[in-house]
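Participant: Keeping their order, the protein sequence lines are chains A and B.
So the mapping is simple: my numbering equals the position in the first sequence, first residue as 1, plus 813.
So the mapping is simple: my numbering equals the position in the second sequence, first residue as 1, plus 13.
It is possible that part of the hints are untrue.
To be verified - Not everything, but these chain A residues come out facing chain B in the computed CB check (under 10 angstroms): (1) 827; (2) 859; (3) 863; (4) 942.
As the list claims (entries may be wrong) - With a straight-line Cα cutoff of 20 angstroms, these simulated DMTMM-like cross-link-like pairs (lysine to aspartate or glutamate) come out: (5) 937(A) with 163(B); (6) 937(A) with 105(B); (7) 234(B) with 1025(A); (8) 930(A) with 93(B); (9) 234(B) with 876(A); (10) 84(B) with 107(B); (11) 56(B) with 163(B); (12) 84(B) with 872(A); (13) 937(A) with 22(B); (14) 934(A) with 107(B); (15) 934(A) with 139(B); (16) 1013(A) with 1025(A); (17) 930(A) with 96(B); (18) 934(A) with 98(B).
To be verified - Derived Cβ-Cβ restraints for the label pairs, each shown as a range: (19) 891(A) with 219(B): 27 to 33 angstroms; (20) 834(A) with 161(B): 31 to 37 angstroms; (21) 161(B) with 931(A): 29 to 35 angstroms; (22) 996(A) with 53(B): 52 to 58 angstroms; (23) 1024(A) with 85(B): 42 to 48 angstroms; (24) 219(B) with 964(A): 52 to 58 angstroms; (25) 1024(A) with 161(B): 55 to 61 angstroms; (26) 1005(A) with 244(B): 31 to 37 angstroms; (27) 212(B) with 867(A): 39 to 45 angstroms; (28) 868(A) with 161(B): 37 to 43 angstroms; (29) 992(A) with 213(B): 47 to 53 angstroms; (30) 158(B) with 965(A): 36 to 42 angstroms; (31) 969(A) with 213(B): 54 to 60 angstroms; (32) 139(B) with 969(A): 43 to 49 angstroms.
Please keep in mind that the hints were generated in silico from the structure rather than gathered at the bench.
Don't be surprised by glycine CBs; every beta carbon is placed ideally from N, CA and C.
One letter stands for each residue in the lines below.
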Amino acid sequence: MGMTKEQIAQRIARELRDGYYVNLGIGIPTLVANYIPSGMSVVLQSENGLLGMGPFPFDGEEDADLINAGKQTITTLPGSVFFDSAMSFGMIRAGKVDLTVLGAMEVSQDGDIANWKIPGKMVKGMGGAMDLVASARNIIVAMMHTNPKGESKLLPACQLPLTGIRCVKRIVSDLAVLDVHDGVFHLLERAPGVSVDYIKERTAGTLVVQGEIPEIIF
Amino acid sequence: MNKVVLGADQAISDIEDGAVIMLGGFGLCGIPENCIAALVRKKVKHLTCISNNAGVDDFGIGLMLQQRQVKKMISSYVGENAEFERQLLSGELEVELIPQGTLATRCLAAGYGMPAIYTPAGVGTEVAAGKEVRTFNGKEFLMEMAFNADFAIVKAWRGDTQGNLIFRATSRNFNPLMAMAGKLTIAEVEELVPVGELDPDHIHTPGIYVHRIFKGSNYEKRIEQRTTRIR
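One chain only, chain A, in its complex shape (with noise of 0.2 angstroms):
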């Protein structure tokens, strides 16, 4: 039931507008590269240093000294540009980058986000995540609804150390699109074949639903 980690990429690369420049998180929004339209123009940024982000390397030509922020061995393409991790986070920090897509852990209907830390358990820390919440004019957050247990990842309040407050704007889950405004969450679409009851089930925050709810096409 819901969509895949493909095509919840898929369905936000729909946000994507011609000449954007972009930050895409680790994990399912990076797969929204794979999806953007022909003809469209997007620069990917990477915070390590890159604006103009390539596809991975033909095997045997990767570069030790070029990677993106998940580590992973890129390419440059044509236009590309390296900076400083400085310069990076200021063109993120004066608002820039037209998109940032990330992962979450829980969103609030506040439009909270955590994502970074759960106390006792995991000690990895916020990496750029923190600079690019508090920036970024637009962010959307690819995310599972539930986690393994069936609980809500979309709550009234964040049960886990904050990433940044009052910072999302859209949500695109497993189930469905969702905005956040005015301290609660708004359904916008339905994943195929899932019901508005059953995303109503799975959001343990306010959700507002109005008039018919599109599903989603792919």
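Position chain B against the provided structure of chain A, taking the given hints into account.
Facilitator: Just chain B, lined up with the frame of chain A:
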């Protein structure tokens, strides 16, 4: 003016127990491999290391963690290192996790002679604890202090005998920022050229920020995530 030293052991010879050192690199990309190996050989201890990451178990700063040389890490992301996680959870290692842009900009501030910066990163989170919050144009910002490090150790692609540096691709990352921020900056380079060979328009770090330079050797340049596509 003689900034050129013979090698890593001479370059780091006056780094003593308890020093605060910055190390350039993002993951294992652009790390000062030669100086890390020399620090391990010197067995210097109780170090505070400012570096975006903490290496992996058997490479990079991970080599120093194995020898229990690090007292405190200041980083933004420390995944991919089991020994690090073990020392952290057992309380042997002190860790301060800070947002990556804050880390970069605190280096920048030190190199630009500014005592502090304001950033929105971390507002409303546990990163904000104990920090001054100021509102500009209706938005909240945290005051973050410039770093104050005894030594900065960076890796560049090319350098000249006056310490001018050029970096390559994404191995630039934190290196030019930390080069500016250290009270004493050590640069290891893949290629060391005579003064005048580098085009002044192409230099990323002016030599005024660099105190010691040497040609490194035997770079492993380990890749963390080798990702390729089929031709």
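Participant: Residue 934(A) and residue 139(B) were given as a pair; does the straight-line alpha-carbon distance stay at or below 20 angstroms?
Facilitator: OK: residue 934(A) and residue 139(B) at ~17 angstroms, within 20 angstroms.
Participant: Has the hinted range 52 to 58 angstroms been met by the Cβ atoms of residue 996(A) and residue 53(B)?
Facilitator: holds (53 angstroms)
Participant: Go ahead and decide if the range 27 to 33 angstroms is satisfied by the Cβ distance of residue 891(A) to residue 219(B).
Facilitator: holds (30 angstroms)
Participant: Can you tell me whether the CB distance of residue 139(B) to residue 969(A) sits inside 43 to 49 angstroms?
Facilitator: Violated: the Cβ-Cβ distance is about 20 angstroms, outside 43 to 49 angstroms.
Participant: Starting from the hint 37 to 43 angstroms, judge whether the C-beta atoms of residue 868(A) and residue 161(B) obey it.
Facilitator: Distance hint for residue 868(A), residue 161(B) holds at roughly 42 angstroms.
Participant: Could you grab the alpha-carbon distance between residue 930(A) and residue 93(B) and see if it respects the 20 angstroms cut-off?
Facilitator: holds (15 angstroms)
Participant: Sort out whether residue 107(B) lies within 20 angstroms of residue 84(B), counting only the CA atoms.
Facilitator: Measuring from Cα to Cα gives roughly 6 angstroms; hence the hint holds.
Participant: Between residue 161(B) and residue 931(A), does the beta-carbon spacing fit 29 to 35 angstroms?
Facilitator: holds (32 angstroms)
Participant: May I ask you to test the interface hint for residue 859(A) with respect to chain B, counting a Cβ-Cβ separation under 10 angstroms as satisfied?
Facilitator: holds (7 angstroms)
Participant: Quick one, are residue 234(B) and residue 1025(A) close enough, alpha carbons at most 20 angstroms?
Facilitator: Given that 20 angstroms is the threshold and the Cα spacing comes to 56 angstroms, the pair is violated.
Participant: Verify the proposed pairing of residue 937(A) with residue 22(B), using a straight-line Cα cut of 20 angstroms.
Facilitator: Violated - the C-alpha atoms of residue 22(B) and residue 937(A) are around 32 angstroms apart, more than 20 angstroms.
Participant: Next item in the hint list is residue 863(A). Is there a CB on chain B closer than 10 angstroms to its CB?
Facilitator: holds (6 angstroms)
In summary, the structure is inconsistent with hints 1, 5, 7, 12, 13, 23, 27, 32 from the numbered list given earlier, while agreeing with the others.
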